[in-house]
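Q: Single-letter residue listing:
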Amino acid sequence: MEFPQPVSAKWIAELINAELNGDADLKASGINELHKVKTGDIVFVDHPKYYDNCLSSLASHIIINDKTVKKPEGKVLLYTAEPFEAYLKIVQHFRPFTAAAAMIDPSAVIGVNTIISPGVFIGKNVIIGDDCLIYPNTTISDYTQIGNRVVIQSGTVIGSDAFYYNTRKTEPTWYRKMQSCGQVIIEDDVEIGANCTIDRGVTDATRIGQGTKIDNLVHIGHDTEVGRNCLFAAQVGIAGATKIEDGVTLWGQVGVSKTLTIGQNATVLAQSGVPSSLKGGKTYFGYPAEEAGYKRRELVWVKRIPELWKKVFQEENK
Amino acid sequence: MEFPQPVSAKWIAELINAELNGDADLKASGINELHKVKTGDIVFVDHPKYYDNCLSSLASHIIINDKTVKKPEGKVLLYTAEPFEAYLKIVQHFRPFTAAAAMIDPSAVIGVNTIISPGVFIGKNVIIGDDCLIYPNTTISDYTQIGNRVVIQSGTVIGSDAFYYNTRKTEPTWYRKMQSCGQVIIEDDVEIGANCTIDRGVTDATRIGQGTKIDNLVHIGHDTEVGRNCLFAAQVGIAGATKIEDGVTLWGQVGVSKTLTIGQNATVLAQSGVPSSLKGGKTYFGYPAEEAGYKRRELVWVKRIPELWKKVFQEENK
Amino acid sequence: MEFPQPVSAKWIAELINAELNGDADLKASGINELHKVKTGDIVFVDHPKYYDNCLSSLASHIIINDKTVKKPEGKVLLYTAEPFEAYLKIVQHFRPFTAAAAMIDPSAVIGVNTIISPGVFIGKNVIIGDDCLIYPNTTISDYTQIGNRVVIQSGTVIGSDAFYYNTRKTEPTWYRKMQSCGQVIIEDDVEIGANCTIDRGVTDATRIGQGTKIDNLVHIGHDTEVGRNCLFAAQVGIAGATKIEDGVTLWGQVGVSKTLTIGQNATVLAQSGVPSSLKGGKTYFGYPAEEAGYKRRELVWVKRIPELWKKVFQEENK
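Chains as they are written, first to last, in full-length UniProt numbering: chain A, 1 to 318; chain B, 1 to 318; chain C, 1 to 318.
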């Protein structure tokens, strides 16, 4: 998330009640998760396992719960016992949740020749391009950006919150939500079927690339980036922060795990499961998804076990 | 289902036009399915296979289609040729379906600081606690009870009817719906994603325990009881009358069959299928789901078949 | 799609700017895809692979991009460089998309005792029979026909567009939508759960047969024909142009591929995948779905590989 205008380290320290180490005037332009962080961003870290990655990241302001770490040159450290709470406070300040008063928020910008059907909800700061067709009873949440000639069918939800929790099993309620302040960006010529769900990024964007076509009941997780001209059949599910490159085809009910990459022009056959990255240009199937030719032979080998068994135990009897 | 006030055996016999055997004054306080039945309840049975279970259950009033069975002491038998029709008549009397006149029924009780977004439907006798956030275009059906700090995202349907049918293949229409008169109970701090469906209990409650978090496009069947602090990823499906104990994690697209138990703190990996009960504290995967370590070794064994084949048939050629 | 009244070959040629070969007065009564085409229909073809099938089909008018093909007797050929564009032009003429102005279109015909709940969208030329119950927040698209005693639960979308594209990988946007002009026909006594999606036919009908019951989050593709008294559990997905005969049961999360047939009274167990036709009267499971008894034995054989391995390599060591 970008702030409307940069704020000083001193200002942030006061907002989150943190101890400041570094240049009090250093400006922060936004806040992001570690894997999305840019120069000028604030990042937060509360586990020693991630200290090094955060300190050496592009972030210029690090909210951290350990005063003994060495401050990297040119950066600002903000000490607080609860960096996660500090994150929530900053998000709450810049993107406070306010109740929607109308089905279409007055702040929404809607292009020429775009049809918004009855029963459609459009949240705050949404931008929709020209010649789009938004079918009845869809939901388009705050900060969503939609290009031109985009079709979204009925019941689909764009910009639901990320399924992203901070786990503390010592407390009665184990999972505390990491508040989403990101958005969904849908490029030109994308078509999305009925009753799909596309989560917004936690701090950055979930993106659907130009010309990609998505069938019904498809789920796309937060911060996932889908390339151009992809084709996803019905009931496909893609977890968060994954990268689907251009021209990828996923057939029905395929499941894709988080933070992996599926290479350009890969095809994954129906019902397959993808637990780790796949190279482009090939066809995969099964769980875990492997090259289809190999996997098909494996199915044949399984059918040969009885023959093998017979052979081995006949051999013995001779 | 509890009746608003207890009714006598005589009153029931007249309502359903049944022959009464037993104390005409014995009060019934509600009606339930066999596996949910409590003392004071009515139960119905139309198949000899279930006679004994019903007669020896906690139910005090048994609607049955056989006059020759022995009446258990202290209970009332109600004879009728069509116990299923009698059940429907009782449900129809106490919970008649009436058309909703408004998006939010005037009988709904909504707590302090709870936000009901535009496009939300709330049925009759719904109770929602404090500090909840109900996103646009969700549907919350009659008799649903929701605790405090609950979040329900867009497009989700709470309290759809059970998928529960009486089968008679001798008639032109084989399946006759067992009318749902139960409810959904959602405890404090539960969060439910977008476009989920949670069916209500047939006669009792489907329950989601405190602090449980559910991702998008998840289905939970009628009368299923989900414990505290569970985590269900996107597109998980759980059939009816199943018990998921506290702290269970189900990853994406997992399917769980009906009337089984998944033990405390179990984890089921993505796309697995669970046809029977699983013990707590372990990680499972595959179909049918087995312990993950065992299943992973099995995948390796399958890859060794060609080697085995080569060995066996080389042996032969020597 | 039927035209409101037949049109002459000459009229069509002018509309799509095509060169006419044959009887200029020959009437066309509608337009259909090759596999749905009837006498009197227009069909279009732009790939030599399908020329013969189209020319020898029941269609009386063939829109084609090759002037050298031999005109079949009694038929009319309409030459144009872009038959796909001609198809879109004809659909656009007879079924132009116009923005919906109201949640319930005034052209909708709704039967006696049918309850339309709040938040329901009903499009143009929809016909709904008697004694139906349409739950809140459902979407029923243009030209849908619904019989008597049909129940449709919340969030379900009837008549979403077919997921059907013309592929041209030489252009920046690879996939161009084949505009749907078909419909969904739902027969008497059908019940459909919450958040389902049923696509309409591309040019003809997707049909759900009498007495069929469908659970939540089920997807049914365009032009698929479902027989009578079928039972589909939650999260089943059926691709386009498939035929499910009477009395078929599909358990949870089953996936069925396109243009195949599942025979009468077949049962497919949970999570199975069906890539090709299945004979009726049997129970199947696994991917690819095979007879359940056979598949269960296969699972046992896999578990015997370690024993086989041990035997073979012990043999060697002797």
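It is possible that some hints are incorrect.
Which copy? The list can't say, so a pair holds if one copy fits it or any two copies do.
No farther apart than 25 Å at their CA atoms in a straight line, the calculated lysine to aspartate or glutamate pairs in the DMTMM-like style are these [as the list claims (entries may be wrong)]:
no., residue 1, residue 2
1, Lys169, Glu225
2, Lys124, Asp25
3, Lys177, Glu225
4, Lys70, Glu171
5, Lys310, Asp105
6, Lys49, Asp25
Source of the hints: derived by calculation from the structure; they are not laboratory data.
On a predicted model such as this, the values are computed, not experimentally measured, just so you know.
Q: Against this structure, judge whether each hint is valid.
A: Structure-based check of all given hints:
Taking CA atoms no more than 25 Å apart as the test, Lys169 paired with Glu225 passes between copies only; the shortest distance there is 21 Å, against 31 Å inside one copy. In this homomeric assembly, Lys124 and Asp25 never come within 25 Å of each other (Cα to Cα): the closest approach is 32 Å inside a single copy and 56 Å across copies. For the homomeric pair Lys177 and Glu225, the shortest alpha-carbon distances inside one copy (22 Å) and between copies (23 Å) are both at most 25 Å. Within a single copy, Lys70 and Glu171 get their C-alpha atoms no closer than 31 Å, and across copies no closer than 53 Å, so neither meets the 25 Å cut-off.
In the homo-oligomer, the alpha carbons of Lys310 and Asp105 never lie at most 25 Å apart, since the shortest distance is 72 Å inside one protomer and 69 Å across protomers. For the homomeric pair Lys49 and Asp25, neither the shortest alpha-carbon distance inside one copy (29 Å) nor that between copies (70 Å) is at most 25 Å.
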